[in-house]
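**Q** Protein chains in written order, with my numbering: chain A, 29 to 378; chain B, 95 to 270; chain C, 7 to 254.
No wet-lab data here; the hints were simulated from the structure. Check before you lean on any hint, since a few could be wrong.
Claimed, not checked - In silico BS3-like cross-links for lysine-lysine, where the CA-CA straight-line distance does not exceed 27 Å:
#1 B:Lys174 <-> A:Lys31
#2 B:Lys160 <-> B:Lys262
#3 C:Lys208 <-> A:Lys74
#4 A:Lys232 <-> C:Lys13
#5 C:Lys202 <-> A:Lys228
#6 C:Lys191 <-> A:Lys232
#7 A:Lys372 <-> B:Lys174
#8 A:Lys228 <-> A:Lys31
#9 A:Lys70 <-> B:Lys253
#10 B:Lys262 <-> B:Lys251
#11 A:Lys372 <-> B:Lys231
#12 A:Lys228 <-> C:Lys207
#13 C:Lys191 <-> C:Lys207
#14 A:Lys74 <-> C:Lys191
#15 A:Lys232 <-> C:Lys202
#16 A:Lys31 <-> B:Lys251
#17 A:Lys302 <-> B:Lys160
#18 A:Lys294 <-> B:Lys262
#19 A:Lys261 <-> A:Lys232
#20 A:Lys325 <-> A:Lys263
#21 A:Lys31 <-> B:Lys253
Since we're looking at a predicted model, the values are computed, not measured.
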Amino acid sequence: MSKRVLMKGNEALAEAAIQAGCIHFFGYPITPQTEVAAYMSKRLPKIGGVYLQAESELAASNMLLGAAASGIRAMTSSSSPGISLKTEAISYMAGSDVPALIINVQRGGPGLGGIQPSQADYFQATRALGHGDFQVLVFAPSTVQEIMDLVYLAFDRAEEYRVPAMILADGMLGQMMEPVVIEKPQTSAHEKPWAANGHKNVRKHNIINSLYLQAEELENRVVERYRRYEAIKAKEQRAEEYLMDDAEIAVVAYGATSRIVKAAVKEARERGVKAGCIRPITLWPYPTDTIVKYRDKVKCFLSVEMSMGQMVEDVRLAVNGAAPVEFYGRTGGVIPEPGEVLDKIMELGR
Amino acid sequence: MEYKIKIAGFGGQGILFMGKVIAGAGLADEKEVSWLPSYGPEMRGGTANCSVCISDEPIGSPLVVKPNVFLAMNRPSFEKFIDSVEPDGIVIVDSSLIDEKASRTDVRAFYIPATELAEKNELSGLANMIMLGKLLKESAFCSKQAIAGAVESCVPKSKQHLIEYNLKAIGIGESL
Amino acid sequence: MSVIFEKPKALCDVDTHYCPGCTHGIVHRLVAEAIDELGVEGQTVGIASVGCSVMSYNYFACDMIQAPHGRAPAVATGVKRAHPECVVFTYQGDGDLAAIGTAETVHSATRGENITVIFINNAIYGMTGGQMAPTTLPGQVTQTTPYGRDVSYSGNPIRVCEMLSTLDGVALAQRVAADSVPHIKEARKAIVKAFKNQIEKKGFSIVEVLSTCPTNWGLSPVEAMQWLRDNMIPYYPLGVYKDIDDKQ
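If we strip away everything but chain A, and leave its shape as in the complex, we get (with noise of 0.2 Å):
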């Protein structure tokens, strides 16, 4: 077995990435995302890699654009506001089939919010990443150790169907410290052909673009892409279950605050309740299929985010009326303690 080390959260998205060959960052301080920048201005000069400090969030993100439209694996961090401003870079990336990793270390928001973990910009990242019709693959790690295995696998999703990536974690898993086995990636990376870094006079030129000015054309290549979204949804949807085997409330969460859950989880089946989680892995796509596994078998499902509910509606949309969905939710930076959803699938289970 390998050497298990402790590690931060924001520690190991870095580290992930350097070890999935990633070694060009573009970053911009934002509490509580930092350590990553930090990292990797560190770790990158000494081997052979560029971390650049960029102007502003804005900069950040459209040079990740250009390194990622040059054809290598390059990541960019931040944490809420600071999405919110790379949005203009993500959706001329996913306009123009680029690949690239962005990450969200989420904080309170709306605005300036806090600086607390929060899952509150789950809407932004499965449904509004930017404008225009696109989606971006979004994984939510619940440990440190899967932090590093899913930018692994970001890395390799997001080149293999031509789409950015995010991994969508908080402030509590970017700050804390947890034993990691870092282990070099099983994959590595696609080829790129499409890449604009030099035709070397042996091909045509690389156009690396979003702009099609006859509406048919724009239409027929968002369809195209649409095509590409269907087989990712039939393929790359992940969830872990917990106790779901005899469950009668299936309690749904993500990231840090499944943690929680499961804590609460174990406590209502030692208090006779018969409860049980699903950890939705990968948030777009959404791991519908395991919600429709269960959702004539369970009594009722239970939405646990940190936020005023948003990952509740695509509970709704895979339940699709077949049981009640319920939620709920802490907000602002608040972590919801386990006896409180504790007391909410007792509530359930009477």
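Fit chains B and C to the known structure of chain A by using the hints.
**A** Leaving out everything else, chains B and C in the frame of chain A:
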């Protein structure tokens, strides 16, 4: 056994560092561990606290809300968290800085003048390690070898000369 | 029969969408000639910006990336940092470079980002149909300054080369014009130098080309050339504002 440890005090007292050493010791003992700091303006002098879990099982919530170990290094933190400690939990209080005692009797409370002892032994700034030493004596949260290794790995490479002082402070705590 | 004039190899053999009399065609040609002269087409990546020149990705024969409005220098930075062996240039208008992209312009310049910036200043937003640009002259009538630009109300025009010349990272900041044969010859030299600087790793080079917009100025191409000479050059004097070679 799951240790759910809350450490709280002022920024600058080495609260987070102490948590890292404890987590590092748990790691060395091949336990599951987590360390979660409070973060934000605290690091510039306000109150600071961190949650550390050590367990044989995977850690659920890394946020400790009902600690079974509580180390208090200032009065506001003592007041804030003392009621949340689980019955039979261990409470260690730096009595140099906190002149209050727990009104509840269902916890194992220890009052040690950690800050004064640190000054007296020319270990200024290492009251945190004295607290840690006392915890080591009162609970078996980690093995002896683990703690020394954890101190070594937590002290930055540029400050390796401080390892000895840290270990000395832990020894003082253990002797109390 | 010998060929005495031909299309530069670095330009694609396609029709452009530019209006009759627009000087984009001239500047495209100068950029392509520079790429040909230096023999770097195979390693060049151009960054198209937002504005009339947005579709320049179809006209230059090198690899091209189309950037969001104002962000061409940031996109160029990403390419150059990932591929230092590439020759990277941006081609931007005045709205793109001196309004929405001011931060990207200033910071790539002060970082000494080793890229080449071709800046088309025609004192107007062309693509959207003739609104006030950051470089619109005092008194100039546009769609959004229908009574003429009142500087006490709309603010003053920005002189980009003068501003950037104060930054340490800048290797070359030169203003030229596309209005006459002597000026175009001067512009050609400046653009070649701006590319050469990059190959020689000298840092950020910008060539500002005073250009015409007959359509949105409401003038014939010939009148537009004269208007440029009479109005723009006095406000935006031609010349070298910074050249690190001069110091040595």
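**Q** All hints are to be evaluated individually against the structure, with a verdict given for each.
**A** Status of each hint after checking the structure:
At most 27 Å may separate the alpha-carbon atoms for a hinted pair to count; B:Lys174 and A:Lys31 exceed this at roughly 38 Å. For the hint pairing B:Lys160 with B:Lys262, the CA-to-CA distance comes to about 31 Å; that exceeds 27 Å, so the pair is violated. Pair hint C:Lys208 plus A:Lys74 holds up; C-alpha atoms about 24 Å apart against a cutoff of 27 Å. Taking the CA atoms of A:Lys232 and C:Lys13, the gap is about 18 Å. The hint holds against a cut of 27 Å.
At most 27 Å may separate the alpha-carbon atoms for a hinted pair to count; C:Lys202 and A:Lys228 meet this at roughly 18 Å. The hinted pair formed by C:Lys191 and A:Lys232 fails the criterion: a straight-line CA distance of about 30 Å is larger than 27 Å. The suggested pairing of A:Lys372 with B:Lys174 holds, with an alpha-carbon distance near 25 Å, which does not exceed 27 Å. A hinted pair counts as satisfied when its Cα atoms are at most 27 Å apart, and A:Lys228 with A:Lys31 does not qualify at roughly 44 Å.
The suggested pairing of A:Lys70 with B:Lys253 holds, with an alpha-carbon distance near 18 Å, which does not exceed 27 Å. For the suggested pair B:Lys262 and B:Lys251, the alpha carbons sit about 19 Å apart, so the restraint of at most 27 Å is met. The suggested pairing of A:Lys372 with B:Lys231 is violated, with an alpha-carbon distance near 40 Å, which exceeds 27 Å. For the proposed pair A:Lys228 and C:Lys207, the alpha carbon gap of about 20 Å is at most 27 Å, so the pair holds.
For the hint linking C:Lys191 to C:Lys207, the alpha-carbon distance of about 24 Å falls within 27 Å, and the restraint holds. Taking the CA atoms of A:Lys74 and C:Lys191, the gap is about 45 Å. The hint is violated against a cut of 27 Å. The straight-line distance between the Cα atoms of A:Lys232 and C:Lys202 is roughly 24 Å, inside the 27 Å bound, and the hint therefore holds. Between A:Lys31 and B:Lys251 the CA atoms are separated by roughly 20 Å; this keeps the pair inside 27 Å, and the hint holds.
Of the supplied pair hints, the one linking A:Lys302 and B:Lys160 holds, its CA atoms being roughly 24 Å apart against a limit of 27 Å. Annotation: proposed proximity of A:Lys294 to B:Lys262 is violated, straight-line Cα distance about 42 Å (limit 27 Å). The suggested pairing of A:Lys261 with A:Lys232 is violated, with an alpha-carbon distance near 33 Å, which exceeds 27 Å. Proximity of A:Lys325 to A:Lys263 is assessed by CA-CA distance (about 24 Å); at most 27 Å being required, the pair is judged to hold.
Note on A:Lys31 and B:Lys253: the hinted pairing holds, with a Cα-Cα distance of about 24 Å set against a maximum of 27 Å.
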